[in-house]
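Residue numbers (the numbering used here), protein chains in the order written: chain A, 1 to 254; chain B, 1 to 254.
Worth flagging that the hints you see were computed from the coordinates, not collected in a lab.
No experiment lies behind these values; they were computed from the predicted model shown.
Please note that the accuracy of each hint is not assured.
The calculated label-pair distances, taken between Cβ atoms and stated as ranges, are [to be verified]:
no. : chain 1 : residue 1 : chain 2 : residue 2 : range
1   : A       : 118       : B       : 116       : 30 to 38 Å
2   : B       : 136       : A       : 248       : 48 to 56 Å
3   : B       : 118       : A       : 32        : 27 to 35 Å
4   : B       : 12        : A       : 121       : 25 to 33 Å
5   : B       : 244       : A       : 238       : 42 to 50 Å
6   : A       : 93        : B       : 177       : 47 to 55 Å
7   : A       : 168       : B       : 18        : 39 to 47 Å
8   : B       : 164       : A       : 164       : 36 to 44 Å
9   : A       : 168       : B       : 235       : 28 to 36 Å
Using N, Cα and C, we set each Cβ at its ideal position, and we do this for glycine too.
There are 2 protein chains.
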Amino acid sequence: MRVCRIAHAGGTSYASWEGEEFAELADPFAPRPRHTGARISPAAARLLAPVEPRTVVGMAHNTGAADSALPPAAFLKAARSVVGPGAAVRLPDDAGRTVAEGELALVIGRETTDVRPADLLSCVLGLTVANDVTDRSAQHDDPLWTAAKSRHTFTPVGPWIETGLDRADLQITVTVNGVEASRASTAGLARDLGEILAYVARLMPLGPGDLVLTGAPGPEAPLRAGDAVGVRIDGLGELGNPVEAWHARQGAAA
Amino acid sequence: MRVCRIAHAGGTSYASWEGEEFAELADPFAPRPRHTGARISPAAARLLAPVEPRTVVGMAHNTGAADSALPPAAFLKAARSVVGPGAAVRLPDDAGRTVAEGELALVIGRETTDVRPADLLSCVLGLTVANDVTDRSAQHDDPLWTAAKSRHTFTPVGPWIETGLDRADLQITVTVNGVEASRASTAGLARDLGEILAYVARLMPLGPGDLVLTGAPGPEAPLRAGDAVGVRIDGLGELGNPVEAWHARQGAAA
Chain A
1 MRVCRIAHAG GTSYASWEGE EFAELADPFA PRPRHTGARI SPAAARLLAP
51 VEPRTVVGMA HNTGAADSAL PPAAFLKAAR SVVGPGAAVR LPDDAGRTVA
101 EGELALVIGR ETTDVRPADL LSCVLGLTVA NDVTDRSAQH DDPLWTAAKS
151 RHTFTPVGPW IETGLDRADL QITVTVNGVE ASRASTAGLA RDLGEILAYV
201 ARLMPLGPGD LVLTGAPGPE APLRAGDAVG VRIDGLGELG NPVEAWHARQ
251 GAAA
Chain B
1 MRVCRIAHAG GTSYASWEGE EFAELADPFA PRPRHTGARI SPAAARLLAP
51 VEPRTVVGMA HNTGAADSAL PPAAFLKAAR SVVGPGAAVR LPDDAGRTVA
101 EGELALVIGR ETTDVRPADL LSCVLGLTVA NDVTDRSAQH DDPLWTAAKS
151 RHTFTPVGPW IETGLDRADL QITVTVNGVE ASRASTAGLA RDLGEILAYV
201 ARLMPLGPGD LVLTGAPGPE APLRAGDAVG VRIDGLGELG NPVEAWHARQ
251 GAAA
């Protein structure tokens, strides 16, 4: 099933995509998701980020086979940094060299606490596409990575969740202004999805709608204001976002 | 106003404490919070963590005046690590030396993105008490701190939110089994609440119910299974939690 979150005249809904229209879902995280009966035309709907997570966690040391010699490590991104397909990635004027990282993301369907490691993959609702936007300069200056990973709009996710996909070798392609910047397979990651989920679920509680970003197997793609960035994964579709300049008037001097 | 989140026979509600009973609130984050008219007796209610945040962020380099020479730094804790007053802090059997840190926490009332730095304190709904439980051994091994800060139950918060408190010198007392382990004032922090909020809000979007932990001005208090840990702040009440051993069967070998 292709699970979407959409904005429409009646508000915001979860829905499955039925080929020509959306069929509203009462709760995609229920043990047996139920359709409400409402149908929504794609012309009257806009795709949102497919979840509103409370946890967004990414894997460090997971960009290629060589990383399997390093201990696993994870980092948190601010949950509110998530935006949907088509939403602008805002490059703050106080950011340094900022890059896109195309990644496969696990969407958690139910609570992982007290689930045995062998059963953890049953807590995954499905897969989606994520762009782990990162300020490389800030990452160099902040050993905790907080200043690099969590800026507003730095986690585009979507366009939807595929629940049936079960393959270890998904091709991830990142494009900037339509030009291929990176192409690599999730088979190139240092750790597989089961190892990643076991590591993360030991360190923190996960629950419905949470996202586990599995690492970027390909090279990063530098971003500039005015660019259009896309991340495409086999069988999952393409997540596209414009890149805009943003005046970070929030800022106290760091 | 003292804003609580309570479990009762009718479900889970926000409520204000009116001296002898709770008065249910429709939405404490509304511009003008409105009472529903329902009253609930304390005998029929149990206090929960006063918020269900999407963001929990703490300040590094903020434990005393000497830290003001260091650049500010922030870390994220997993949002689902939050538990309420009376809930057990579970010490996993694979954790190292684990400590309590008593901290004043800002409860965010509305979105901070696009708010000018000078106006950020108006986004704060009120103050509460937090215990930033930390596995010091894991913090040493994981430079990103993720393994140290986000274990299930590692962020007790409560007992409630005080909306009217406006003082820079609040006394924080940490007790273990009733014995004082630490006593210090928020006046001893390297950075004041306005500086902390300006720093954090520049790095990430914050919104209703999010928590900003402001740093522990006093010494840490080691925790063992069987302990009872308390964090008391002048004018905010006491957050008390039992400490239990927990078999972390989640774990893949790290």
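For each hint, the structure was consulted:
no.	hint	in the structure
1	A:118 / B:116: 30 to 38 Å	violated (51 Å)
2	B:136 / A:248: 48 to 56 Å	violated (34 Å)
3	B:118 / A:32: 27 to 35 Å	violated (51 Å)
4	B:12 / A:121: 25 to 33 Å	holds (31 Å)
5	B:244 / A:238: 42 to 50 Å	holds (47 Å)
6	A:93 / B:177: 47 to 55 Å	holds (52 Å)
7	A:168 / B:18: 39 to 47 Å	violated (58 Å)
8	B:164 / A:164: 36 to 44 Å	violated (53 Å)
9	A:168 / B:235: 28 to 36 Å	violated (55 Å)
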